[in-house]
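S.K.: Sequence:
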Amino acid sequence: MGTFLPGELSGTAARLDRCARRLETCAAQVRVATATSWQGGAADLHRDRVAGHADDLIALAGRVRESARLVRELQVVAESRLDPVAQVDLTVGLLP
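Note that the working numbering numbers the sequence shown so that position 68 is 171, with each residue one more than the last.
Incorrect hints may appear among the rest.
[Stated by the list, open to error] Ranges of calculated distance between the beta carbons of each label pair, as one might list FRET restraints:
#1 Val-179 x Cys-122: 35 to 41 Å
#2 Ala-131 x Arg-172: 19 to 25 Å
#3 Leu-163 x Gly-114: 20 to 26 Å
#4 Thr-139 x Pro-109: 47 to 53 Å
#5 Thr-106 x Thr-139: 22 to 28 Å
#6 Leu-177 x Gln-142: 46 to 52 Å
I should point out that these hints are in silico values taken from the structure, not numbers from a laboratory.
No residue lacks a Cβ here, since even glycine has one placed at the ideal position from N, Cα and C.
Based on the sequences and whatever the hints tell you, model everything.
M.R.: Here it is as structure tokens:
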């Protein structure tokens with residue numbers, strides 16, 4: 104993955120948010136795509152299994168969304184810790 108600058112972390116967080124939305128969309132599509140015309144015990148088992156997978160997708164989306172929040176938090180912390188370093192660089196004349 105390489106090295107991230109703090110400003111690049113917001114882009115990573117935004118991508119994680121988009122992934123979470125896609126997972127939620129997939130979960131909704133999976134639920135809707137289950138055939139309602141199919142009846143009987145096998146159909147009920149199939150729908151239960153599909154609902155379980157959709158629930159797993161929703162749970163994963165929640166974890167991905169939480170990851171995005173943590174990445175944003177990391178960015179704030181990294182920027183706050185780099186500010187004093189930048190101030191020192193400015194006073195020493197290392198930066199323009």
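S.K.: Work down the list of hints and note, for each, if the structure agrees.
M.R.: Verification of the supplied hints:
1. Evaluation of the 35 to 41 Å hint for Val-179 and Cys-122 yields a failure: the beta carbon distance comes to about 21 Å.
2. Separated by about 22 Å at the C-beta atoms, Ala-131 and Arg-172 satisfy the suggested range of 19 to 25 Å.
3. Judged by the Cβ atoms, the range 20 to 26 Å given for Leu-163 and Gly-114 holds: they are separated by roughly 21 Å.
4. A C-beta distance of roughly 50 Å is found between Thr-139 and Pro-109, which places it inside the suggested range of 47 to 53 Å.
5. For the pair Thr-106 and Thr-139, the beta carbons lie near 51 Å from each other, so the given range of 22 to 28 Å is not met.
6. For Leu-177 and Gln-142, the Cβ-Cβ distance of about 51 Å falls inside the hinted range of 46 to 52 Å, so the restraint holds.
Hints 1 and 5 from the earlier list are contradicted by this structure; the remaining hints agree with it.
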